[in-house]
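Respectively, the protein sequence lines represent chains A and B.
Position 165 of the first sequence, counting from 1, maps to 165 under my numbering, and the rest follow consecutively.
Position 267 of the second sequence, counting from 1, maps to 267 under my numbering, and the rest follow consecutively.
Check the hints yourself; a few may be wrong.
Straight-line distance between alpha carbons at most 30 Å, and here's what the computed DSSO-like set of lysine-lysine pairs gives [to be verified]:
1) B:K133 <-> A:K782
2) A:K778 <-> B:K333
3) A:K564 <-> A:K582
4) A:K215 <-> A:K473
5) A:K62 <-> A:K32
6) A:K443 <-> B:K333
7) A:K70 <-> B:K43
8) B:K133 <-> B:K295
9) A:K65 <-> B:K133
10) A:K692 <-> A:K65
11) A:K700 <-> B:K43
Stretch by stretch, here's where chain A covers chain B in the computed footprint (C-beta under 8 Å, at least three residues) [said to hold, decoys possible]:
12) 141 to 150
13) 224 to 236
14) 293 to 304
15) 309 to 318
From chain B, some residues computed to sit far from chain A (all C-beta separations above 12 Å) [stated by the list, open to error]:
16) P5
17) W21
18) A23
19) G35
20) T62
21) G69
22) V82
23) R88
24) A134
25) I135
26) D153
27) G181
28) V185
29) D189
30) G217
Simulated from the structure, these hints should not be mistaken for lab results.
In this text, a Cβ means the ideal position worked out from N, Cα and C, and glycines have one as well.
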Amino acid sequence: MASNRPSAHLPIRPTGAAVIGRARRRVDGRAKVTGQTTFADDVMLPRMVHCRLLRSSVPHAKIVKVDISKAQALAGVHLVLTGEQFPTAYGILPVSHDEHALCRDVVRFVGDPVAAVVARDEATAEAAVNLIDVAYEPLRTFASPIDSLTYPEPRIHDYGDVGNVHKAVALQFGEVDDAIAKADHVFDDLFFFEGNTHLPLEQHATVATKDADGKLVVYSSTQTPHYLHRALAKALGIPAAHIRVIATPNGGGFGGKSDPFNHEVVVAYAAMRLDRPVKICLNREEVFYCHRGRHPVLMRFRAGVTNDGKLTGLDLQTLLDGGAYGSYGVASTFYTGALQTVTYDIPTYRFRGCRVFTNKPPCGPKRGHGTPQSRFGQEVQLDKIAERLSIDPADLRLNIVQPPDSLTANFLRVRTIGLSDCIKKVVERSGWRDKYRKLPHGKGVGLACSSYLSGAGLPINWNDLPHSGVQLKLDRSGGVTVFCGATEIGQGSDDVLVGIVAEVLGIDPFDVRAVTGDTDLTPVDLGSYSSRVTLMMGNAAIQAAERARELIADAVSTKLEIPKDRLVFAGRRVCDTEDPNKGCTFQEAVCMAEARFGTLGTTGSYTPPRSAARFKGGGVGPSPTYSYTAAVVEVDVDPDTGWVTVPRVWIAHDIGRALNPTLVRGQVEGGVYMGIGEALMEEQVFRRLPAKLSNALVHKFPSILEYKSPTSLDMPDVITDLIEDPDPAGPFGAKEVGQGPLLPIMPAVANAVYDAVGVRIDSIPVTPEKILRALEAKAAGKPARSGPASFPDILWPETLRVTPPWAGGDGRASNDPDRPTNRNVDAGVEARAAKAAWEKSTS
Amino acid sequence: MMRLPSYRYRAPKTVADAAAWLAESPAETMLLAGGTDLIPNMKRRQQTPSTVIGLRSIPELTAITRGQGLTIGSGVTLTGLVHDARVRAHYVGLWQAVAQIATPHLRNMGTIGGNICLDTRCTYYDQTFEWRKAIDFCMKKDGDTCWVATSSDRCLAVSSTDSAPALIALGATVTLVSAAGTREVALSDLYANDGMHYLTRRRDEILTAVRLPSGNGWRSTYWKLRRRGSFDFPVASVAAAARFDGDHIVDARIVLGAVASRPLEVPAASARLVGQALSNDLITAVADDAYALAKPMDNTDFELVWRKKVVRSLVTSALRELRGDDMREARTKLARHPLIVVS
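Pulled out of the complex, with its shape left as it was, chain B reads as follows:
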């Protein structure tokens, strides 16, 4: 089997210790939560930290607490979120997104913090050392060229997190803790559209919590395209959240996943939606906005031209679901599961 490289493993019991140890050599150290992303990457030598700090023994990272909204510790497992009644009741889009991450086994291990920080993916990058050697490596690791588009001066690896689009649509913020202090940023600001430098998190910072504002008045949904009903990363997705006053939308966010190196907000769509009721024409116009913005590249499953076309259909489905249309049949065909919250 593929073997891990050797590394030093440290297991702090508090966030303060973790931050202090991380500050010792942030460039050489990586944080380990569920390990479902990092461990295979290390086996493939995509990442070779000399020190790994395990966060699993830090109790303060595994709590879900209620205030105005909801604060979710970054170490909460994806299964923990799927089974959380508050998430199901008030943040349906997040629940639908998390319930569609990977497989049940991987959700038992993977955490929300890990999914938010998920490494960008690419079929030229998520390969063994031997495979990457056979293409003379790529820009993201050990090489110079982006094989997705050889003229590109930046890495085009694709953002593959399911939870982030849903969280951004719901207006989430995240807490970053370092030995130097704590800061809170909008989740949207955590990301940059660059396959290599896709997080604005400093290397000495630990993402400790995700904070969601109150879900009152909001409806949200998440539609994910992937080849199979389980296992696969998204190849295009849309998170939509809207606050309604009667039939009319007061506030709305549409966020696309897996069509850029970061979760991609569609500002034109938000502007277009506010003050309106969800007519078919409006839905079509918003789907066109999203279609225009989506820039899938040849870095994951399915042909990129087709992925771009499907964005329109995903956005349409998402908005129809927000409107209250019965989308169970379409959802079941796409996701092999109705993903409907039974209250």
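So that you can see chain A by itself, here it is in the shape it has in the complex:
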């Protein structure tokens, strides 16, 4: 009998595993169901005091005066803080360190924190906050990107590209203008995607304290303890080695707990000052002000298309409303243009993106980070192309799916791609061929696809350190403890970690204890963002576990005189493959190893492969591998009112390999749920009061009642299929599932509405008002559409020109000052032929 243990490295065999691939109850499930899980707000420490923040009531103003004397005098108040105590700026991206824990000179949105009170209880702190007197000198309110493009002064920040433009980028891959000009058809479409927010059920909370010898300890509901660790060190001027960050399990993150936040810095400072534990738990309104959610994006897609439905070139412009701070915004901007090419064959491509500052809560990364907006535009445009060319939208896509093991025009490396299988699966399961264009008026189906990163290829702080580290501790008890900095945000990362270690060592997941998200105890993992944890932590865990297995095998082989290559680890035993009765228990095996090698401990680490992109901006988009999804959405539209409901969704996701299918399906369905919310109702929108009467610019409804997110009654039936084609880059072949399945839902809904009633809703969310307006326009003989009418003229920077790989490009920009050679490349059909020849020569 051959070993049935899977090897972590090639060849991957998806059969025979004892833990991997089996549907299991997640390791943290029991505690979550019984209420035992300790979330940040559950942390209660002796002598703990409470913090509340005073937030700006004006959208944009200079701070003239902050009088804290009355607040300080209130009985029960321990400490009142203002921006004076926080001179050092911090931020998530090294290029955007533009935040202070409390505003010092200027407030930039309603909700920007100005002062903090620490008191014996929350009510006292709240009362004291109301006693703080702030005088403001109003500045112009920037309510929209058009305001920010129109008025360069006053600048919301004194950094950024120009005026109130935070970042403008322009990249070109091949002669896209020629390619579009020579195409049989040109499609020029405008889209808008409204902003929305994460809406985690758990509100952000943090407790800070000193440990026994006076070092800082911070418990926080953060997805990124490592980045919080760095930010605290910088903002407080305390060496990172003297700070311990413990990421408590998050009650939902979705990207909303990925930035270091004001309140975390404030309570850390207060705990050090007061020598007492200090807690803050934000209320729901404050969570809306932390935001960092989906950017509102205006888009223009200009595509050249051949008669048979192939793309010759794509010219994309995006305009992002960034809100008041940088956050991940530079990355978000690049992401609006990064992933178009990894789904479909696009031989020439130009992307120009612009993010502006406005006086609203900062936007940042929400599930799908920057890609759902342009994914919506691309997939709806493809639907329009299919209709004009009389090609079935499924066939149109199947004809242009990017080939596996290819390099895209913008130098992204596509490895396995299960997109065609995903499309075929949802087409078959939904009965697409019998429904599309065939359902009665008012009913329709729509199809859309997507892809997503399995982890960002580059770290936020560029360095050559591992992205994920795992340590393993084994001892004579037979128990195994695995340590990793990864953070459980509900996605199931603890379960993945435990499952992988159990699989490699042939033991039960219950034998493995996971310690995660603690900067003192666990090796660094960059955090739960960019769908990176399963792939990166998983590969590191395999390496650590295989190293442990190697030590144990050495010891057992010697002691029991079994050749090492005949040893198998299974069923809590280590035994001879040729004589399974010959062997020992796992615990005995660990004892042998401990006796032979001394105290046992192994490590594993993971660093993604280097990207082929060498141009400026090429750092956003590369990933070890990409996941793919296709979805068919069925809608029901009342032609009299525009009322729209979604009874059913069919979705297929290319997961590579499902490590725990229960969790994978949960993530797919959770993505569909969030996608339905974004598609139909969710909007982070603002009220600008009449300018003659007021400067006010406020969040329209920062409450969980009035910010509309679907209830369980609104959730459609979801028919989920997993496409499993193990990817060599992933642990046991796994790819991501946390973000990708969200992405096709919004365009699929819009496409289905068109199939149902023949109107195009080119802006998200797809609301009944928009549908009815479009239906009325159609009835009046006007364009049957609801969506943006124009894209503003933006002064783009000089376009960086990168020659695609098939035209001889090396991944660098030809007009990079360091490399002035400017290759003359073919356009249009010629570019396509060159690409095909290149692919043939490299396959």
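Could you slot chain B onto chain A? The hints should help.
Chain B alone, transformed into the frame defined by chain A:
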């Protein structure tokens, strides 16, 4: 989390005690039943009574008694009503309205009296103190301007009760008790079309009961528009009740919800319906009557122009259901639930 302001809490055991205590300082005192409206409002400092009188310990408020019709104590929970067989059997419109209020959890706490007296709502008003400060407050609380329509000299907050339109359509009256005495008024007369002074209840009065006349011969229905299948307040609704003699209508009332600061009766519709059978043309004419009367404002979810248009469709659905058309599919799409009484 958001914290309540401090206040004095009193828990009488009888209506007489409650009325006497309320009479001590009616302007500074508020009544608490389920608390699902008042408590969040107090946390947001929309209401800051110095005394709160809790009505939960008064047994006489929680009874449903049968006479000619039905008398419902104001402290009966919404869940209690949903599960009451008499309500389901004889007052379908009320049952459909109450079953669509908020969520199951909130219905377990909220009472019929509370829903009748529900504060009018507005997206400029149902906000925290800090948010309202950022717009310099509004007319309804701490400010001067109605931001819904800055030229308006009255508050335009919207009546958001689901039960009241249904009850008015069914001809309900309410009992108001004060230390000075007891009076019975038509529920319709309890309301005024003013977002701030939306109740004619005096501040020293307690709404103790709702009385429904016999439901014999009546058919009733309630159609509610809201964004989601659970949770949301109405953004437009219609209650319709009609007494039939064969195919012909003998008496009828159509009441609109969430399109004014009070439940809005459509008298023209009632007049038009009496003596007629429900033909498609008649239904269209009544829907037009309602459409003409509805004045939704920009004070809640959805665009006001669209809300007004949907009133026509809601009235049409309601009347078709009274006629006996099978409306389950349309109902399920709108409410995510068929809301059909299975007998």
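A quick look at each hint next to the structure:
| no. | hint | verdict |
| --- | --- | --- |
| 1 | B:K133 <-> A:K782 | violated, 43 Å |
| 2 | A:K778 <-> B:K333 | holds, 24 Å |
| 3 | A:K564 <-> A:K582 | holds, 13 Å |
| 4 | A:K215 <-> A:K473 | holds, 26 Å |
| 5 | A:K62 <-> A:K32 | violated, 45 Å |
| 6 | A:K443 <-> B:K333 | holds, 12 Å |
| 7 | A:K70 <-> B:K43 | holds, 23 Å |
| 8 | B:K133 <-> B:K295 | holds, 28 Å |
| 9 | A:K65 <-> B:K133 | holds, 18 Å |
| 10 | A:K692 <-> A:K65 | holds, 26 Å |
| 11 | A:K700 <-> B:K43 | holds, 19 Å |
| 12 | 141 to 150 | holds (count 3) |
| 13 | 224 to 236 | holds (count 6) |
| 14 | 293 to 304 | holds (count 3) |
| 15 | 309 to 318 | holds (count 3) |
| 16 | P5 | violated, 9 Å |
| 17 | W21 | holds, 26 Å |
| 18 | A23 | holds, 31 Å |
| 19 | G35 | holds, 16 Å |
| 20 | T62 | holds, 27 Å |
| 21 | G69 | holds, 32 Å |
| 22 | V82 | holds, 16 Å |
| 23 | R88 | holds, 20 Å |
| 24 | A134 | violated, 4 Å |
| 25 | I135 | violated, 5 Å |
| 26 | D153 | holds, 16 Å |
| 27 | G181 | holds, 39 Å |
| 28 | V185 | holds, 31 Å |
| 29 | D189 | holds, 30 Å |
| 30 | G217 | holds, 31 Å |
Hint check: violations occur at hints 1, 5, 16, 24 and 25; the rest are consistent with the structure.
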